[in-house]
Amino acid sequence: MNDLKNDSRSDGLAQNTDTQADLNAGINAEQLTTKARHPAADALGMFLKNRAATVALFFLVLIIITGIVGPMVYKTDPFDMVWAPFSPPGAEGFLLGTDYLGRDILAGILYGTRVSLLVGLSAALMTVFIGVSIGAMAGFFRGWVEEALMRLTEFFQVLPTLLFSMVIVALFGPTLPIITIAIGAVSWPAVARITRSEFLRIRELEYVTASRASGSKNAKLMFKVILPNALPPIIVQAALMVGSAILFEAGLSFLGLTDPNIVSWGQIIGSNRPYILDASYTVTFPGLAIFFTVLCLSLVGDGLNDALNPKLRQR
Amino acid sequence: MNLISTVAQRVLWAAILLLAVLVLNFSMMHLAPGDVADTIAQSMGGADAEVLEQIRTDYGLDQPFLSQLSNYVGKVLHFDLGYSYFYNQPVTKLIFEKLPATLILVITAQLLALIIGVLLGVYSARNQEGWVSHFVTLFALFGYSAPVFWTGILLLIAFSLKIPLFPVAGMVDVTVEGGAIAKFLDLLRHMVLPVITLASIFIALYSRLCRATMMEVLQTDYIRTAKSKGLSTREIIYKHALKNSLSPVITLAGLQFSAVVSGAVLVETVFSWPGLGTLALQSIIARDTPTILGILFFSALVVIVGNLLTDLALRFVDPRVRGH
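Chains as they are written, first to last, in my numbering: chain Z, 1 to 315; chain Y, 1 to 324.
Keep in mind the hints are simulated off the structure, nothing from the lab. Some clues are possibly wrong.
What the hints assert, rightly or not - In the EDC-like style, the derived pairs of lysine to aspartate or glutamate whose C-alpha atoms are separated by at most 20 Å in a straight line are:
1) Lys162/Y / Asp278/Z
2) Lys49/Z / Glu129/Y
3) Lys183/Y / Glu97/Y
Claimed, not checked - Pair by pair, the computed Cβ-Cβ distance ranges are:
4) Lys224/Z / Thr108/Y: 14 to 24 Å
5) Thr108/Y / Ala219/Z: 47 to 57 Å
6) Arg51/Z / Gln68/Y: 41 to 51 Å
Said to hold, decoys possible - Some chain Z residues well away from chain Y (every beta-carbon gap over 10 Å; in silico):
7) Ala41
8) Leu62
9) Ile65
10) Gly67
11) Ile130
12) Val158
13) Thr161
14) Ala170
15) Phe172
16) Gly173
17) Glu204
18) Ser214
19) Asn218
20) Val225
21) Gly266
22) Arg273
Treat the numbers as computed from the prediction; the structure is a model and nothing was measured. For every residue, glycine included, the Cβ atom is placed at its ideal position computed from N, Cα and C.
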């Protein structure tokens, strides 16, 4: 019975590329040893069925590696004026050309990868942490707690996010931690809403009632009983949050509200904007870097959605 | 009756929200490092200790925080947002000069995004394997992933620098002569690129959501009933399914107002659009506290009014909301 299921699964995956087939073999091996489909393996299988997501994940890993290794291998300082300004891509050995001050754009993009990923990831973590805490309490306790917390959420939703974080960054100093906090402080309401609605749904389910009846304390109910089952949409949202945090950081640094001693993608675009008539590539390439990274993140988010949302699986 | 009391409740809550926005922003400004008197002195070209002291007394900066706060809130209740020491103008005047430009941009982009988003969403839900459907999928991804300022710059390079179809910057061309119609056409010409840039993100969001909800609605029992009654697809979609798939889209649009305003800040910068965003950036860099507070207040007001209107629209479209 179980073997039959495995076979049909491998058939479905057989059309996929080599790397996927390798991973697929991994799943099958795991399934054979455990003699049952582990939910994680099941989810991985669903994720791999989404080809776009799998390719995006591959590129995302590549981008992360580039961010870590790139600046070590390509040693040109992004702030150094290495050649004449506005050298077009390819000329004089500068693959992506030089900017208005004659700085190497490729070096800027490589160093900027680190900044974008770092800020994106930490801001998303912060967003998820605040959002899940508030949403979980609101959905679990109901009553006045929910009322108060959802009013707070609504309050943060009417603050024009970018303007508010621009002010935070300008007032408290354009450092990476402040930028991260500024992004996290305005982005959490979406996560709080999703968490709350999941908690509202799940807390009425029978297994929660059963656990409550058997004497589970609130903390256990919240974090051990409800939260694990509320996680799928939160994880999907978190993946998307990394993308929107990267866009957010790019927007801030495009406006010049960024650490002047750190290169970032948005900042390259912002500082070269006056010269787009002479050298449009100075904004095209850093923009492509942002676009491609966020695109990969949203495709991976889609894949996670396929993998973790059981409703869609029945289709 | 019910409607009036709900609206009254909503308006009251909106007023409380605005008050909270004021208090939060004012406190944040107060907490920030740096001396406001110093900034004022700098905008006057520097000052010695005595003049600094004078500035503190003049602007009430020597008073305790709470009295400064209540002073400010009291003034705002009388529609006085203070005096900008960077522009040497009352903040209300500054903002009212710039607000219309931002409103035009925000409202047009939001409406355009809703209309195109819903049309694309409905069409692609009907023809799930058609090229429009694939286009929506792609466009939704691209629109979401491309930074809005970058999209704007690319459009600017393509359609005003390489192919000079649209103006490079600004909102009106002062050299345009003629009557109101000529001026209006000129405004439209200036609006095309900024509005498309700003709307693109939201077209992506709305079309994707609309398609998803439409596909879900089309699988429900009452649609099956409608089909078995022999209604045409057109009737099913526009009379029955659309109403139910519209309300999530409108809810989302309401939630996006603050994002639209944020996007407008970036788009205004790219196209030198003379709106609140441009003013905000200048005053933030100049640390012009009264203007910053005024802009934060007004942009929150725009979002809140947008939310209120969305609520009303939702009640209009979806009778289920009225019951609550």
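Checked hints:
1. Lys162/Y / Asp278/Z: holds (11 Å)
2. Lys49/Z / Glu129/Y: holds (19 Å)
3. Lys183/Y / Glu97/Y: holds (18 Å)
4. Lys224/Z / Thr108/Y: 14 to 24 Å: violated (50 Å)
5. Thr108/Y / Ala219/Z: 47 to 57 Å: Hint holds: Cβ distance 50 Å, inside 47 to 57 Å.
6. Arg51/Z / Gln68/Y: 41 to 51 Å: Violated, since Arg51/Z and Gln68/Y (Cβ atoms, about 60 Å apart) do not stay within the stated range.
7. Ala41: holds (27 Å)
8. Leu62: At about 17 Å from chain Y, Leu62/Z clears the 10 Å cut-off, so the statement holds.
9. Ile65: holds (20 Å)
10. Gly67: holds (18 Å)
11. Ile130: holds (16 Å)
12. Val158: About 5 Å separates Val158/Z from the closest Cβ of chain Y, which leaves it inside 10 Å; violated.
13. Thr161: violated (5 Å)
14. Ala170: violated (5 Å)
15. Phe172: violated (6 Å)
16. Gly173: Contrary to the label, Gly173/Z does not stay out of reach of chain Y, its closest Cβ about 8 Å off (not over 10 Å).
17. Glu204: Fine: 18 Å to the nearest Cβ keeps Glu204/Z off the interface.
18. Ser214: holds (35 Å)
19. Asn218: It holds; Asn218/Z is separated from chain Y by about 28 Å at its closest Cβ, greater than 10 Å.
20. Val225: The claim holds: Val225/Z sits with its nearest Cβ about 29 Å from chain Y, beyond 10 Å.
21. Gly266: violated (7 Å)
22. Arg273: violated (7 Å)
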